[in-house]
Amino acid sequence: MLFDRDGTLIRDVPYNGDPKLVEPMPGAVEALGRLRQADVPVAVVTNQSGVAKGLLSPDDMDQVNARVEELLGPFDAWAICVHDDGDGCTCRKPAPGLVIRAAAVLDVSPRDCVVVGDIGRDMDAARAAGARGILIPTPQTLPGEIEDAPEVAHDLWDAVDRVLNDVAAAVPAASAPWARAMGWSRW
Numbered sequence: 001m002l003f004d005r006d007g008t009l010i011r012d013v014p015y016n017g018d019p020k021l022v023e024p025m026p027g028a029v030e031a032l033g034r035l036r037q038a039d040v041p042v043a044v045v046t047n048q049s050g051v052a053k054g055l056l057s058p059d060d061m062d063q064v065n066a067r068v069e070e071l072l073g074p075f076d077a078w079a080i081c082v083h084d085d086g087d088g089c090t091c092r093k094p095a096p097g098l099v100i101r102a103a104a105v106l107d108v109s110p111r112d113c114v115v116v117g118d119i120g121r122d123m124d125a126a127r128a129a130g131a132r133g134i135l136i137p138t139p140q141t142l143p144g145e146i147e148d149a150p151e152v153a154h155d156l157w158d159a160v161d162r163v164l165n166d167v168a169a170a171v172p173a174a175s176a177p178w179a180r181a182m183g184w185s186r187w
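The numbers in this note's numbering rise by one with no breaks, and the one at position 28 of the sequence shown is 28.
Please note that a few of the clues may not be correct.
Each pair of labels, with its calculated beta carbon distance range [stated by the list, open to error]:
#, residue 1, residue 2, range
1, Ala168, Gly54, 44 to 52 Å
2, Pro14, Trp157, 21 to 29 Å
3, Glu69, Pro14, 16 to 24 Å
4, Thr138, Val40, 20 to 28 Å
5, Gly27, Gly54, 31 to 39 Å
Keep in mind that the hints were calculated from the coordinates and are not lab data.
C-beta atoms are modelled at their ideal positions from N, C-alpha and C, and glycine is treated no differently.
Work out the full structure: start from the sequences and follow the hints.
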């Protein structure tokens, strides 16, 4: 599962460069613990344009991310875009680059990923990468983003329930012998 950071895993503090301000969202520790116990890889996909704007340094961002891991446990991958909207990168959500990058680190296809976020950009990035998107609305989520979301969960616990129920119900697909011989991994 791929998670947006601000507003999804931790309280959104705009352009936060202070690790002391990191506060987990309600249920985040427990929800991530359930995923780890079920051996579901967890990753963070996050836009951090404050670096491009000069509002925080890369080191500030790294310290905040270290605090996130200290409070929520280790993540299997981090995919971070430090660009601003006008930079024209392919990684900044709503572009699919972060989802594709995290999936590659996890050695899965983006189609096998679930992106959990709190705004439309998160859902658009999931859609663009071919991943499943689950929106967890916050007071900052716009009504149109909720209406356009492919799936809406009440909170992190609900999103994790949905994914774990689907994992339990899934029947593993047999891969073609030639795919294994070529070294391909579900792409």
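Results of checking the hints against the structure:
1. Ala168 - Gly54: 44 to 52 Å: 47 Å, holds
2. Pro14 - Trp157: 21 to 29 Å: About 26 Å separates the Cβ atoms of Pro14 and Trp157, which means 21 to 29 Å holds.
3. Glu69 - Pro14: 16 to 24 Å: Roughly 21 Å apart at Cβ, these two residues keep to the hinted range, so it holds.
4. Thr138 - Val40: 20 to 28 Å: This hint holds: roughly 23 Å between Cβ atoms.
5. Gly27 - Gly54: 31 to 39 Å: 34 Å, holds
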